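The listed protein sequences derive, respectively, from chains D and L. Per the numbering used here, the first sequence runs over residues 12 to 280. Per the numbering used here, the second sequence runs over residues 17 to 290.
For the record, the hints were derived by calculation from the structure and aren't laboratory data. Since the structure is predicted, the reported quantities are computational estimates derived from the model, not experimental observations. By construction, the Cβ of each residue, glycine as well, lies at the ideal position given by its N, Cα and C atoms. Just so you know, not all the hints are guaranteed correct.
To be verified - Part of the chain L face toward chain D, derived, beta carbon under 8 Å:
| hint | residue |
| --- | --- |
| 1 | Tyr52 |
| 2 | Leu56 |
| 3 | Val57 |
| 4 | Asp111 |
| 5 | Gly177 |
Here is what each chain is made of, one letter per residue.
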Amino acid sequence: MADYPQYSGLQQSFQPLEIQDTALKPARSEAAKTTLPQPGRPVPSRAYPGALIVVEGTDGSGKSTQLYLLKRWLEIGGYRLHFTEWNSSPLVRSATRRGKQKRLLTPTTFSLLHASDFADRCERQIMPLLQGDYLVLADRYIYTAFARDAARGCSHRWLRNLYRFAPVPDITFYFRAPLDVAVHRILSGRPKLKFYEAGMDLGLSYDRAESFKLFQARILEEYDKMVDTDNFVVLDGTLPVNKLQKQMRDIVASRIDLKRFAPRSQEAE
Amino acid sequence: MPDREKDSLTSPVIPPESAPAAKPASPEQEDSQFFYGEPLVGLDPGELNGTMIVVEGLDGSGRSTQIALLQEWLESEGFAVQTSGLRRSNLVGRDIDELLAKNAVTRLTLALMYATDFFDQLEHRIVPALRSGTVVLADRFIFTLIARAAVRGINRDYLTGLYAMALRPHLTFWLNVRPETAFAREFKKAQAISYWEAGRDMSLSHDLYWSFVRYQTMIKREFEVMAKKNSFIELDGEASVSTVNKQLRQRIGEQLGIRSSKFTPSSALAHLWR
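Isolated chain L (complex conformation) (with noise of 0.2 Å):
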């Protein structure tokens, strides 16, 4: 090696004063508006000007149905729309879908590929998003996260803490369904209940319809302690598509100042127009 680089390696480095431990003086003051806990790494919440809305609710509440009409209601509206989901982000995705599939995982792992995937969306598509003035429209959310994880006995502090440098969201809707509609619906979309949505990995019944009844109760229950401590708006999602919707759009319409609250989807959405 020439001299020149090993004078440069031995000469004295000093450590520069790392910019990330020169934060605010109460982080947690400062950002509680706009994280659950701390801030996320090299964020600047100020430049944030979109609007971002969460939809919770139990496998065949209706989510995915209401985010498909809210997408194509607020594009008609003119404003630009991102969704999100969970096992979309470029990273992961695919890996946990594999995982799920082949069913070698444990739950600790999962839990934390849930984390990796949650927030390599939030960093690479929600907060250039976010950044841009768009909506954000999220098919769950960390709630649903923290609730699969809680069931299967992982420590509530602990997923909080996981979770803290989370956006929060402008809106939190929760589609709440009895778990036994929850079964008829996802049964009639697949003619079938996959491992998952069952619980089944958690051996709570051999018998089908049972597992998903309890394990779903068991999530639905965890949302419920959830919706006072982070202000869900509650929704029947019993009620019609189209009730449901309305009442979508009448909340949202007011956090985006949209006057008229008339929609009829298009003839490519109509099917879910029930």
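So that you can see chain D by itself, here it is in the shape it has in the complex (with noise of 0.2 Å):
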């Protein structure tokens, strides 16, 4: 690396910042193994003060419903919160709908365009709430590129380093679901699957139902991969909803200071 120029004493006003893996990076120790090993390199202690809430799960198996409700309780409490949801940044919103309907989408290019909207949506929300003291909830993070990438095809190595400058959630509660149950979820309540959501560019099956069945099932296997390298809290997704969401705010409450992110009347009290 020495052969690389060193750009610090060109201009006082130019700090370049490294974009690191560690660099932002929960306190717990626990949460370090989700990292990939950067050899020589010391592993910084938390450099953020807000906290980051992840829910993933396969379709159909309850995450969003949950998260809402979660969502829910914190702003009826008054916390100070922000949600985000998987590929929902207006800047690659036209480009994905143009390679979806034209179906130009590859297993590259499809990871690259949902990489290039979840780095919009870190670089301008999810870092700048956590350096500013937020609680950040998000529906599906980058387990879900990491699951449905993988399922297309796409190596592991590759997609784990394309991801590497997000935050390491503090919490990322994974929904599970049997393959069936969610499957049928999705299945009964949607007229057509769409071309991806299916899984059709993988050509398993013709049959769109039979397609969509084949790839969920490469995806569960994926996430049930990541549940211990990643640190997943595994709920089941076949509880009530009453009493899942119950299970998911006494997690909350007892990993996260919540008094961090309540409004000031409250603190003093």
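Two chains, two frames, some hints: make the complex.
This is the structure:
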């Protein structure tokens, strides 16, 4: 690396910031496992005061409903929070639509387009808000990309590198529902599955429902592999909604110092 | 929902032993001659029989001029030619143009949009051309993209990992010019210097000239480092168009087995031949 030019002396106002996988990392050493090992680079302590809560799971696992209820609970309590959703940045919306309509997307470009979307939300919302002492709730996070894109054939190593700028969540809830339950929830509620949603680009089956099922099976397999390596909190997606929500709230309250994010009046009490 | 369909849903699904996982025993050794790091999903490099030629260099180094001339020369010699360049993908080319115009994008997002643009062109333009034995002339390649992101502070390992599935070109030319020369050429072209080619997002100087020179010097230094690692063929971009073109034709002629290196541009391109 010594032969690379150094820019810091060029002008005072320009401070090149290295985007490091270890730059934004929660304090708990448990989470340290999730990042790529970087030889010779010390793991810094927590770099931001906010907290990040993430929900993951296959389509139809119930995660969005649960995160919505968690958000309502925190909103009603007056906590300082921000909610962000996978694939929602206006920046790449037109490109994603075009790519899907014309079926231009390959596993690589599909992955990169979602990474661009995530980077935009990360640079503009997630990172600044974590720095600004917010509670950030994310419906799907990098693990969705790891599971989905790996199911499409992208290499794990490439994917892990691609998203290594992402802050490691404080809690990652993984809503696990058996394949048949999740698939049934989706198929019974939707008139027609979309091409990429059903994984038709993989050529697993000419039948959309069948293709969807095979694709979801691969995704579920990828998720299950991450339970230990990425410290997922596994919740049973088949439990009644209110029971599940109770579990979720208990875990959040025990793991995160919610008082930090409470309105000022409450802090004073 | 009919019972029949429900049955098929509840029946155990055996996840197909994922084909992508079954890669050759040592993918890195296997593919290193074709790719920088790892293979592109779903591509068999054995079916590529075209020739990939890259021309890299700063803004104003004469790349586009040389590529226009090379295309005409190769076509006159009977070779099919496909060109590629930055922001030319159907997928996100126009989106990047808009983002740049609005200056409404952060550095990492922009780097990833460029990567999307690159791989879309690689998979939909370059690879199909190479499959059919075409000569691909690439006006810039991953090196410009890596340099631009690296000078903005994005980790170099991150960037080389990002472009791990880029195809290795057969020839990579580097038209090396001084940033001062590049400034004069770029200014002459448009009677102005654009926000991005002056690297104004980097707050290097309020003076446009110094901003341009400092920024392009940083990019040039990145090229210098990459030149050694990636066996660039360095050409003096300060030389005349015809001199540079002759050197290019000589080297490409060797690669493609073209004996005569004589070439006079048609009247349509004569204005380039100063």
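Hint by hint, here is what the structure shows:
1. The interface hint given for Tyr52 (chain L) is violated, since its Cβ lies 11 Å from the closest Cβ of chain D, which is over the 8 Å cut-off.
2. With a cut of 8 Å, the hint placing Leu56 (chain L) at the interface with chain D holds, because the nearest CB-to-CB distance is about 7 Å.
3. Taking 8 Å as the C-beta cut-off, the interface hint given for Val57 (chain L) holds, the closest approach to chain D being about 4 Å.
4. Because the closest C-beta pair between Asp111 (chain L) and chain D is about 5 Å apart, less than 8 Å, the hint holds.
5. Below 8 Å, beta-carbon pairs count as interface contacts, and Gly177 (chain L) has one with chain D at about 4 Å; its hint therefore holds.
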